[in-house]
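Q: Sequence:
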Amino acid sequence: MLRRSLLSLCIASTAMFFSVGTQASAEEFVFASWGGTYQEAIRKAWLEPFAKETGIEILEDTQPETAKVKAMVDTNTVSWDMVTGGGGTLMRGVGHGLFEEIPASVDQSGVLPGARNKYGVPSEIFSTVFAFSTKAFPDGKPQPKNWADFWDVKKFPGKRSVYNRPVTILEAALLADGVAQADVYKELNTKAGQDRAFKKIEEIKPHVAVWWNSGAQPVQALGSGEVVMATGWNGRFQAGLDNNLPIKMVWGTSIAQVGYFMIVKGAPNQGPAVKFLNFILQPKVQAEFSKHVAYGPVTAKAWEYITDKKRLSELPSTPERMAEAVFMDIEFWADKQGALTERYKSILQQ
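Under my numbering, the first residue of the sequence shown is numbered 987, with each subsequent residue one higher.
Heads up, a few of these hints could be off.
With a straight-line Cα cutoff of 25 Å, these simulated BS3-like cross-link-like pairs (lysine-lysine) come out [stated by the list, open to error]:
hint : residue 1 : residue 2
1    : 1287      : 1030
2    : 1270      : 1056
3    : 1104      : 1127
4    : 1104      : 1331
5    : 1131      : 1234
6    : 1296      : 1191
7    : 1251      : 1234
8    : 1251      : 1056
9    : 1140      : 1234
10   : 1104      : 1261
11   : 1172      : 1331
12   : 1030      : 1295
13   : 1172      : 1287
14   : 1331      : 1145
15   : 1191      : 1121
16   : 1185      : 1145
17   : 1251      : 1261
18   : 1121      : 1287
19   : 1140      : 1121
Hints listed in this document are in silico derivations from the structure and should not be mistaken for laboratory results.
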């Protein structure tokens, strides 16, 4: 019988381990993700069904930051077998040699070609968007429609919440400054383009009340009235909408990303982790995840199993939304994230 119980405190971090599976399981692996709505969806859609089908026990942890993974690998004390993250996290880890190559036994033939990576298995597609308070900007009155409006504090006054890292925010800044969707990374790859983006960050900074670092924060800041607009991940905002939060999500030119599952270098339980990767890539299983959180599947055939029209309208990876989106360039961020993050943080600290 499936269970979810507090197992033990993780000595290496402040997070807690949770167990999914059978108490007398012969196999197990440790899965670390980012908590909240996202990890709850993974648990319901994938972890629990996999444990029930295979008898493999899965121990859960949270906050698999790159620095923590690196410390484990460097000291040969790896306690996480699998971690999750976006493309930037994947490429940073690859640069530090933190992940195992995905074995050929993992069938990625159905995965969208542009999402494949030899060190990570694509798990879902999500987008950075922004949302606004309908109390501040009610129906029947002017409402923000694009990134330029997010930056326009005269037309749409009030405090903002913005990610405390430059990933996706520099892209949004250039879009707000009039750069075309197709030219965002062409511009960001130049010093002049980077200067242009950072000038927009300096412009919005006095109006930012919350520099968020977890997906729940911008939703909470909107709900409390601390801010009137916030950047964030579409699935987190959708969860707020599902809980009757008085907000609207603005898609416009979203910044789309792929989530990845990675096996940590030297992980002690790679066999069951590989079995899990094959499990989640089955189209029907892929589709289950989208039922629990508004993130899109990475296999084309999974769409056949998503039949709820309301849920389809909420996903970021419909053809219509992808046509308007900027797809995050993970190679760009792998190469430039260190320097751009340092500059971004220096502005935030001024």
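Q: A separate judgement is required for each hint: does it hold in the structure or not?
A: Verification of the supplied hints:
Proximity of residue 1287 to residue 1030 is assessed by CA-CA distance (about 21 Å); at most 25 Å being required, the pair is judged to hold. The straight-line distance between the Cα atoms of residue 1270 and residue 1056 is roughly 34 Å, outside the 25 Å bound, and the hint therefore fails. For the proposed pair residue 1104 and residue 1127, the alpha carbon gap of about 49 Å is over 25 Å, so the pair is violated. Between residue 1104 and residue 1331 the CA atoms are separated by roughly 31 Å; this puts the pair beyond 25 Å, and the hint is violated.
Between the alpha carbons of residue 1131 and residue 1234 the distance comes to roughly 10 Å, so the proposed pair stays at or under 25 Å and holds. Between residue 1296 and residue 1191 the CA atoms are separated by roughly 36 Å; this puts the pair beyond 25 Å, and the hint is violated. This hinted pair does not check out: residue 1251 and residue 1234 have alpha carbons roughly 41 Å apart, beyond 25 Å. The hinted pair formed by residue 1251 and residue 1056 meets the criterion: a straight-line CA distance of about 9 Å does not exceed 25 Å.
Proposed proximity of residue 1140 and residue 1234 is supported: the alpha carbons are some 20 Å apart, at most 25 Å. Restraint check: the Cα-Cα separation between residue 1104 and residue 1261 comes to about 17 Å, which is no more than 25 Å; the hinted pair holds. Pair hint residue 1172 plus residue 1331 holds up; C-alpha atoms about 23 Å apart against a cutoff of 25 Å. The hinted pair formed by residue 1030 and residue 1295 meets the criterion: a straight-line CA distance of about 21 Å does not exceed 25 Å.
Annotation: proposed proximity of residue 1172 to residue 1287 is violated, straight-line Cα distance about 33 Å (limit 25 Å). As the CA atoms of residue 1331 and residue 1145 are separated by approximately 19 Å, the hinted pair is consistent with the 25 Å bound. Distance check on the hinted pair: residue 1191 and residue 1121 sit about 23 Å apart at the alpha-carbon level, within 25 Å; holds. Distance restraint check for residue 1185 and residue 1145: the Cα-Cα separation of roughly 18 Å lies within the 25 Å cut-off, and the hinted pair is therefore satisfied.
Among the hinted pairs, residue 1251 with residue 1261 is consistent with the structure: their alpha-carbon atoms are about 17 Å apart, no more than 25 Å. About 40 Å separates the Cα atoms of residue 1121 and residue 1287, which puts this hinted pair outside 25 Å; it is violated. Distance restraint check for residue 1140 and residue 1121: the Cα-Cα separation of roughly 17 Å lies within the 25 Å cut-off, and the hinted pair is therefore satisfied.
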